[in-house]
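Line by line, the protein sequences give chains A and B. Residue numbers in the first sequence follow this note's numbering, run continuously in steps of one, and reach 775 at the last position. Residue numbers in the second sequence follow this note's numbering, run continuously in steps of one, and reach 775 at the last position.
Please note that the accuracy of each hint is not assured.
One copy or two, it doesn't matter: identical chains are merged, so the pair holds either way.
[Unchecked claim] The list that follows gives simulated cross-link-like pairs (lysine to any residue, SDA-like), each with its CA atoms no further than 25 Å apart:
#, residue 1, residue 2
1, Lys713, Ser761
2, Lys765, Gly706
3, Lys764, Val725
4, Lys494, Asp398
5, Lys396, Tyr568
6, Lys377, Glu684
7, Lys765, Thr693
8, Lys759, Val702
9, Lys377, Asn602
10, Lys764, Ile406
11, Lys377, Arg667
12, Lys759, Arg694
13, Lys377, Glu521
14, Lys759, Leu617
15, Lys377, Lys494
16, Lys494, Glu374
17, Lys435, Ala670
18, Lys494, Arg667
19, Lys765, Ala577
20, Lys377, Leu530
21, Lys759, Glu374
22, Lys666, Asn439
23, Lys435, Glu561
24, Lys566, Arg497
25, Lys435, Ala748
26, Lys377, His680
27, Lys765, Ser574
28, Lys377, Gly605
Rather than coming from a laboratory, the hints here were simulated on the basis of the structure.
Here's the letter readout for the chains.
Protein chains: 2
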Amino acid sequence: MQAAYRPIRIGLLGAGSVGSQVARLLIENREELAKRVGAELELVGIAVRNKNAKRDVDLPRELITEDAESVILGSDIVIELAGGIEPAKTWIKMALNAGADVITANKALIAAHGSELTALAQQFGAQLYYEAAVGGAIPIIRPLRASLAGDKINRVMGIVNGTTNYILDQMETTGASFEDALNEAQALGYAEADPTADVEGFDAASKAAILAGLAFHSEMPVEKVYREGITSITALQIETARQAGYTVKLLAICERAGENGEGLVARVHPTLIPLDHPLAAVRGAYNAVFVEAESAGRLMFYGAGAGGKETASAVLGDLVSAAKRHLAGGPGLGDSTHADLEALPVQAIFTRFQITLEVVDQPGVLASVAKQFADNDVSVETVAQNAGTDSDLALLTVMTHSASEAALERLVAELAKNSSVKKVSSVIRVEGV
Amino acid sequence: MQAAYRPIRIGLLGAGSVGSQVARLLIENREELAKRVGAELELVGIAVRNKNAKRDVDLPRELITEDAESVILGSDIVIELAGGIEPAKTWIKMALNAGADVITANKALIAAHGSELTALAQQFGAQLYYEAAVGGAIPIIRPLRASLAGDKINRVMGIVNGTTNYILDQMETTGASFEDALNEAQALGYAEADPTADVEGFDAASKAAILAGLAFHSEMPVEKVYREGITSITALQIETARQAGYTVKLLAICERAGENGEGLVARVHPTLIPLDHPLAAVRGAYNAVFVEAESAGRLMFYGAGAGGKETASAVLGDLVSAAKRHLAGGPGLGDSTHADLEALPVQAIFTRFQITLEVVDQPGVLASVAKQFADNDVSVETVAQNAGTDSDLALLTVMTHSASEAALERLVAELAKNSSVKKVSSVIRVEGV
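I would like the entire structure built from these sequences, with the hints used as guidance.
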């Protein structure tokens, strides 16, 4: 097909690791993209904070500017890759107000203000695309928005942070401590100098909020996502898990909860999953999202969860969609939040737990511990007793049946008062059994 | 959101295992679907061949008719689940001609006439959806059409036939013969009474043609797809493969080929893949499609590849998209075939092979066989020698480096003439190394 239309003007905000790759691909693949879309995609400007900063990719100097507003107002489609809440939010609103479609990879912004921005897009007949915000190159937003739009999703479980998956995988493979694995991840560029957003689960929590909103047609405020990071996970916990047939992953889990499923819980925490679960095979910095739907059954989407080039692929996919829509005309299609499931606290769900306890190694202790489990409505599936760190201590590893978070909290408080229990060494939730 | 529009009229053609589930879900989830779409989806008719046939699902009698034409002409969106080429093709053309969007799960029809039907849809501003045609419930069409539309796909490898994956998995797990595993699959309803379409690879070849067309923006006539089934695979081959660290899967593979990648090869055949490849973990009747793209890297889409309810999920996803588009207005978006890569024969590619030979067990035989490999430009990576079926025979298992199909064909012909070679027992391609 000949490109019969005037070029579609593309404005890029940000030229970091993703932005510079998007610019490079737009320039290198200009001809091919024009054929796919049916019109030229012309990169008209690249707004950056500092024109003179050094960049990995050589970008045309004449396109680079510090004037974001002129880039936005001179574009048919705006790609926001600056990150952070402001000025990204102001820029996106400016673009949508001007009727431009917007593509972003900004998970923090979408998690915090996605519905406000989607509503604004609807109002102006524009569309907001954010495939790159979750799972990097993995197509997950579009499958949830469209492919599964006729199904009832019961649960989404994702490995959505590559840094933490890499660290846990290294700890499992090499027996390294959390600190050593983190140092290695930083040396390899998988973790940032300040790793808080990754290792404390903030990044995964933003993605959980986005996934929950889309999968359940409801709003999930990011501050309602329960969050626990991986900083206290030890190599011993991972080794113990492995021997019992499990692996430890930082999962983002979104599911219906409450009586009759009228609520919704989203949570991020280290989780034991059986070694034969599809998510257990996700190694290194890879990501995967596992979906359980009423009709479709079990689905999994797997791929690179980060990386400039990989994330750029998702951005360009959105760009081709936006550009085709721009040519075809017609308004954008919004996301539906009609279901309005209430965001419930993590106490609303039931899970299995693995609890490890250091106890005094003497007769009667197991019985006294078992009684505390029973008294607190936490039913025990298996108990394994091993030698403890000290000769007069034993290590109990208890796998529970499904129990409420509330019951578990009470139990742990009670166990701490038991004079035979030296320490509650670890409490990890178990999923996918 | 209140449903403010008049109901969108949905016509269903076919009430088999998928059709009856689609009808059930449309009726049961009427209210929820109306909220998602913003208008009622009203099932106005179900066209069947025989009104009085017994069905698994209780469908409203007043909707069932043998008059397909009246259903088509009275619908805004037509769902074709009759299967086969005719009358399905005529019906779809009639619907598109009338401006209705069409949803189908008919892989044979899309593989054979997809571009004709897509062009017709374009002409009338309608859209043809066929997410359910490949991979059942797995969203793969939409990711290829849209999410990866800005990337360059180098290769697609899929387990796209659940019946053969179940059979091969059973053979591997239980050591059963092909015949026994097939009988079991038939008893469980995973295989049809006449299993030819599955076990000879015809079904997978249709899906390979569809995937190749979408992934490479080209036309791939189904008759140009190289096809080999699994009927001659033995439990011994699978056991031998496993010992060497491989598993046997029936793969549909589509990739660029020829000098400078100006061609395209699609092929379906039993394939050895390493046990640590993501596709190796796809067990039972599950399907998965593995994609290698220039920027996105390695992606995998996993889920139920068949089943009435599962396939119905994909159909309903398409229906929600079509209905939203119907409300929003605007023309449909076609698929691009601009790349026009030429469909090349399987001889255009290079692969690794595992070749097993029964040879006379005497000195000098290995040397004479090795010379034949070298003379035919097939470079050997490893050779393993085991006891043969007879005391005076030995079994050679040769893993080659990448070789052309043409060189391999010559080699096999030459080996058959070697008087020390009793039999070329098996030749299997190896991928994913």
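Practice problem: Could you figure out if Lys435 and Ala748 sit no more than 25 Å apart (CA to CA) within one copy, between two copies, both or neither? | Solution: Close neither inside one copy (42 Å) nor across copies (59 Å); limit 25 Å.
Quiz prompt | Status of Glu374 relative to Lys494 across identical chains (alpha carbons, at most 25 Å) | solution = Between. Shortest inter-copy distance 9 Å satisfies the 25 Å Cα cut-off; intra-copy 38 Å does not.
Quiz item: Is it within a copy, between copies, both, or neither that the alpha carbon of Lys377 lies no farther than 25 Å from that of Glu684?
Solution: For Lys377 and Glu684, the Cα distance is within 25 Å only across copies (17 Å; inside one copy 45 Å).
Self-check item: Same-copy or cross-copy closeness of Lys759 to Arg694 [CA-CA at most 25 Å]
Solution: within (22 Å within a copy, 64 Å between copies)
Quiz item: Are the CA atoms of Lys765 and Ala577 at most 25 Å apart within a copy, between copies, both, or neither?
Solution: Within one copy only: 18 Å inside a chain, 52 Å across chains, cut-off 25 Å.
Quiz item: Given a CA cutoff of 25 Å, do Lys494 and Arg667 count as a within-copy pair, a between-copy pair, both, or neither?
Solution: between (28 Å within a copy, 21 Å between copies)
Quiz item: How would you label the pair Lys377, Gly605 (within, between, both, or neither) given a Cα cut-off of 25 Å?
Solution: For Lys377 and Gly605, only the inter-copy Cα distance (18 Å) is at most 25 Å; the intra-copy one is 46 Å.
Quiz item: At most 25 Å between C-alpha atoms: does Lys765 with Ser574 qualify within a copy, between copies, both, or neither?
Solution: within (15 Å within a copy, 60 Å between copies)
Quiz item: Is the C-alpha distance from Lys377 to Arg667 at most 25 Å within one copy, between copies, in both cases, or in neither?
Solution: both (15 Å within a copy, 24 Å between copies)
Self-check item: Status of Ile406 relative to Lys764 across identical chains (alpha carbons, at most 25 Å)
Solution: Neither, since 62 Å and 70 Å both go past 25 Å.
Self-check item: Homo-oligomer pair classification [Ala670, Lys435; C-alpha up to 25 Å]
Solution: both (23 Å within a copy, 22 Å between copies)
Practice problem: Classify it for me, Lys759 with Glu374: is the Cα-Cα distance of at most 25 Å met within a copy, between copies, both or neither? | Solution: The answer is neither: 68 Å in one copy and 50 Å across copies each exceed 25 Å.
The structure shown violates the earlier hints numbered 5, 10, 13, 14, 20, 21, 25.
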